[in-house]
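S.K.: Each chain is listed here by its residues.
Number of protein chains: 2
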Amino acid sequence: MEKTTSYLHNQPVLFGKKFMWDLCVGKVKAMADLTPLFNVKSVAIIGASNKPGKIGNVIVKNIIESGFAGKIFPINPKETEIEGLPCYSSVSQAPDKIDLAVVCVPAKFCPDVMEECGKTGIKYAVVITAGFKEVGPEGLELEKKLLFICKKYGIRMVGPNCVGIMDTHIPINTSFAAGFPVQGDIAFISQSGAMLVSIMDWAKSIGLGFSRVISLGNKADLNEADFIDAMADDPFTKVILCYIEDVHNGKYFLEAASRAARKKPVIVLKSGTSQAGALAASSHTGALAGSDLAYETAFTQAGILRARSMTELFDLATCFSYQPLPKGDRVAIVTNAGGPGIVASDAIEEARLTMARFDKETLDALRANLPAEANIYNPVDVIGDARADRYAFALEAVLKDPHVDSVVVLVCPTAVTDPENIAQRIIELHRKYPEKPLLTAYMGGMTLAKGVKILTRAKIPVFTFPEPAIRSIAGMVNYVRRMESRVEGEEIRYDDINPDKVKAIFYDVIRDRRSVLLGSEAAAVAEAYGISAAPVKLAISPEEAVALAESIGYPVVLKVASPKIMHKTDVGGVKIGLNNAEDVRNGFIEILENVQRYLPNVVPYGIEVSKMMPKGTELIVGMTRDMQFGPLIAFGLGGIYVNLLKDVSFRLAKGITHAEIAAMIAETKASTLLRGYRGEQPADMMSLIDMVARAAKLILDFEEISEMDINPVFAYPDGYSALDIKITIEL
Amino acid sequence: MEKTTSYLHNQPVLFGKKFMWDLCVGKVKAMADLTPLFNVKSVAIIGASNKPGKIGNVIVKNIIESGFAGKIFPINPKETEIEGLPCYSSVSQAPDKIDLAVVCVPAKFCPDVMEECGKTGIKYAVVITAGFKEVGPEGLELEKKLLFICKKYGIRMVGPNCVGIMDTHIPINTSFAAGFPVQGDIAFISQSGAMLVSIMDWAKSIGLGFSRVISLGNKADLNEADFIDAMADDPFTKVILCYIEDVHNGKYFLEAASRAARKKPVIVLKSGTSQAGALAASSHTGALAGSDLAYETAFTQAGILRARSMTELFDLATCFSYQPLPKGDRVAIVTNAGGPGIVASDAIEEARLTMARFDKETLDALRANLPAEANIYNPVDVIGDARADRYAFALEAVLKDPHVDSVVVLVCPTAVTDPENIAQRIIELHRKYPEKPLLTAYMGGMTLAKGVKILTRAKIPVFTFPEPAIRSIAGMVNYVRRMESRVEGEEIRYDDINPDKVKAIFYDVIRDRRSVLLGSEAAAVAEAYGISAAPVKLAISPEEAVALAESIGYPVVLKVASPKIMHKTDVGGVKIGLNNAEDVRNGFIEILENVQRYLPNVVPYGIEVSKMMPKGTELIVGMTRDMQFGPLIAFGLGGIYVNLLKDVSFRLAKGITHAEIAAMIAETKASTLLRGYRGEQPADMMSLIDMVARAAKLILDFEEISEMDINPVFAYPDGYSALDIKITIEL
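Chains as they are written, first to last, in the working numbering: chain X, 1155 to 1885; chain S, 1155 to 1885.
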């Protein structure tokens, strides 16, 4: 049943399914090897120009100005020299091997140019040119043609319709953006070129440094997964930052992000989460945004930190880039005023961090050396007349304290405050205690501007208000927690499942021209995967019903079996609590008579006889499918109020582990009930985890299951029973 | 039962309860008249000094430099001239009437100084001096002494322990803070002096203007309610901003804030919401922070906008100050890049605003005048090569559109972007269409700095990223919505309640040395207030039980009546579904035997006979009390999972209206059930609203009710029944 996924996701038909299949999938390595791209020694600019302001001119200049030490080959058949460099009529004329081609000729010429690149043995290309997928069907055709050529020659392509790549470590700037970032350790991968240019401009004004900056453009070939994967191993990159509107391929993205997140923080701003945003996203790049639930779940499972706004994205980036990871969640505050200390304390609680409680030694030292009016407990208030010395004393005391994991220093301008000296002392102490994150909020404007500059230059994050500083620490702590709690449990294997039995049942359903399974069929499917369903059998005569009831055991429930009857109770199609053969026989006949009266045109399949199970804690296990990330399994509080209470958590079914399911259950309020609420016995958690795992396996194995709802599942102290199973299939 | 509240809340005992009562409460006007304070024509600085750097010197200089046009009288017995002004030995020596005394002598001299102020007929004082309540019990004594003198002479005092007042319209700066704000229309009232100084410094750097800036200090006399009340009527103030850690008096605060919010936005940052924050707050000002639930509820009911962070507080302040109120929630975006447009669209959805849908005329105009690659639907993408003209065209088109209520312009720096010209055109169009809020996000750094300055000077809010712009619009829309949906319903009056009956029952309980009411007593209390309780009567013999059952009607429930038995079912103290006299008689005896066996030392009061009510939608009605804001009434989903599901909403009981209760019910998921869920009949909403109103009246009338829980209330299509009523009283 497993489907292999094409590199040309969504467009396998163009070149004939079979052909593209052989060419692009299966045996091809999932992630591209981008080492050479980040080590280019020679670059050709195809479409280079002498006209100032033209992109082909800007790029040549940008490469020269970036300090690129390798060879630069401008390509333009009409020129002999560009910006002082000899110009060649085509890449084949260049006197040396070319590592990278930057293409900025008009779109219609791109395929020919790429063909030539291929013949010359060029292996990497950045296509700046626009006018492809983003302009409509014709552009899409052109883009596919271009990609086909790349595939033929094994060229890995960035773009088309991108701003280019900036690399501060080679260094090289193949983009047409004005300005080149400061060298740093943040890799930024952006699906929006404009966003990238904006960010570079803004980052420069606050001195934030980058290692590699990649504009993804239309992602025809190389996409976010390839670059996340490459940046995971990049020694110059400490933090990976992404702005994406969709992912090209959910599976690769998850693989790359999971692997990367184990090595360094991966922070993603995923836009297009709203319906309005998704609409804008698709009118903008032609990308079909996946449902946000799937993204949210996938990000959590991969260990990605999701930024909720651009501000948060860059606050986090700054802190991860500048500061060490905290060892725990205990935060100390040093302030020269009470109010901001309270604001910071509130933010700590809201972010689910812990106010550090100092040890005796720290308190004694603070008590002995701070004025009597100072507050020696966290938040430490060195009060308004504190100069740099007092600040430094308090700060060192809390930095030394083993019960403190990170520190935020708040500075308000008072008559005696000396923001520059305080900044200097903060920097010294950070050097002395480099293992603890140290952030600051300089609360003011002009008065503090010099101090802010000193801190920024020394890579101490400075905020204007306390809350974003605390939120950034929370982000760092969350990353550390996720990495620590990460369970590398193995994918679960089953020896006792019977897929053939499921196929046989589905075959009957299809032969019957149905898509909804009967209750008895659904129960049999569940049983085939080792899910303990309440016994349900189909009877087609009163005698058979009695026999089934006798074999199942009383009391039983009778229910009319027909895919055409949605509300069985309303037509008198259900009888509950039947305790003997007589009641079953009468019930059978009565139901048929009721149905005949209400729905004279419906001929039921028969009557389902099911065991009336003792009541347990009502749960629901369900599913949904996402185009990008495959099936998601759902678990939550069951019963008739499911939609009202919405107490449901989700996980990607693919690769799910028992530990992950346990975490998933723990997220719900239902778990409080399962642990034994108000004196009741706790439920058998292991059996429930096993059940969810089996349900996940079932929906993974059978892509044709479009809907599955098990509601209720009754949880008992010694097991569970899946009562009402609804399965719909779509081939 | 109504208690009047002292101005000296929490400290009425000091001067003898009776005395303070007569002096300060009841007949004294709730809000202070502060008109003269904001129109002072002469000021005395008591403790003025010639020594540079001393507060008494800084204040004199600040008053002079602020451009104060009135008379300035430095007071210091040791000097004859200060900063070029004649100095007087005491206020009584000043040659003219003094409107305001600014006091900065050491704390121990403050009472004498104030006594002299009183004798001289000074009516307003700002006490800068610290060393009062905030330093401990001794300081508190001194503060009370000072307040007593103020009361004696009718002096209204700001502080002590405050930074002072800055007024840009008189103008006068009685503070010791460096710098004086730009004139503007924001009033800022701050409980933290340091915060105030920080904010002034920061605001100056971005050109944000203020009307009046008040440092509350210890709030011994004048507090946030007085100033909010005064600012409500201040013609120079368009927005009222507060930073508070607690409120002095909940009732006055609510009155003032509700009245002010009807006239202009009141935006409050309330810190000390966390336990950690409350701890910091109390170690800082000795203030006891109220529970956050009560604050949240009170703010909502008063129509206050609550800022969640300092950034949000000032983003909102800027937008309210600079821009008109939006007429609705439909937002249009004009951008020169797709990515930021998507980010903005997401933010619009998250903030529950609406993406404006343009009318045909607008779309036609955009289609005809923008390039083919542009997006003419919202967000309008004028694309990267847009210059000021194209921006202006698109902006005017959407500003003109009657389906647009507010507009956000996003600008990314591209090769051709001209941020200054775009800014100029934005300003022109804002002047042409002044009735629609117009915000901008200039996404970049140095490249855009000049444009940002131009916009800021013209009072167009500029953000670096789109999200905070959208959030600010959401704040404005929320204010407008609240003001529109505000129901000025009248306080409910009841002619059919019987407080004497309740008193009689409580008296029995107290005489019995109990605090928990029996079920039958609680039901009787509810009935006395017109709440329809399921019939419950106490029987002390099997015969009586049968007689009661016959009068109530079968089926009935028997329950042992004893305050000492908490879990009645566990000791065999409950029998349900009894259908005849025989069963009732046997049940009675059996229960007594069971109790005798399990708890031989407990002598029950008897057995409660109650009607077994048909099952309805299970609700809970409960309460909690807040020191500041009085009783809160709670409504939500009932049953045994109340604590698990936490589907409960709260309102202050005081002044509650039927409309407010309807809104309160609508906030819960329970309301979905009540409207008729999954084909069930809707519940009788009017009877439920009446019931909540009566419960609110009950807890308002009887402060001694410390706990009340009605769970479940069964809601029916034709009424309701309060089943299990628990009431605890504390005298």
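One should not assume that every hint holds.
As the list claims (entries may be wrong) - One side only, chain X facing chain S, incomplete, derived with CB under 8 Å:
id	residue
1	1493
2	1494
3	1539
4	1566
5	1587
6	1601
7	1717
8	1719
Stated by the list, open to error - Reference listing, derived: stretches of chain X covered by chain S, where coverage requires no fewer than 3 residues with Cβ under 8 Å from a Cβ of chain S:
id	segment
9	1354-1367
10	1669-1683
What the hints contain is simulated information worked out from the structure, not anything from laboratory work. All C-beta atoms, glycine included, are put in the ideal place defined by N, C-alpha and C.
S.K.: Each hint needs a verdict: does it hold in this structure or not?
M.R.: Results for each hint:
The interface hint given for residue 1493 (chain X) is met, as the beta carbon of that residue sits about 2 Å from the closest beta carbon of chain S, less than 8 Å. For residue 1494 (chain X), the interface hint holds, since its Cβ comes within 8 Å of a Cβ in chain S; the closest pair sits about 6 Å apart. Interface restraint check for residue 1539 (chain X): the shortest CB-CB distance to chain S comes to about 11 Å, outside 8 Å, so the restraint is violated. Interface hint status for residue 1566 (chain X): upheld, as the beta-carbon distance to the closest one in chain S is roughly 4 Å, under 8 Å.
The beta carbon of residue 1587 (chain X) is not positioned within 8 Å of any beta carbon in chain S (closest approach about 23 Å), and the interface hint is therefore violated. The interface hint given for residue 1601 (chain X) holds, since its Cβ lies 5 Å from the closest Cβ of chain S, which is under the 8 Å cut-off. Checking residue 1717 (chain X) against chain S: minimum C-beta separation of about 21 Å lies over 8 Å; hint violated. Hint on residue 1719 (chain X) is violated. Least Cβ distance to chain S is approximately 16 Å, over the 8 Å limit.
Look at the segment 1354-1367 of chain X against chain S: 6 of its residues bring a Cβ nearer than 8 Å to a Cβ of that chain, three or more, so the hint holds. Beta-carbon proximity to chain S at under 8 Å applies to 0 residues in the segment 1669-1683 of chain X; the threshold of 3 is not reached and the given coverage is violated.
Taken one by one, the earlier hints fail for this structure at numbers 3, 5, 7, 8 and 10, listed in ascending order.
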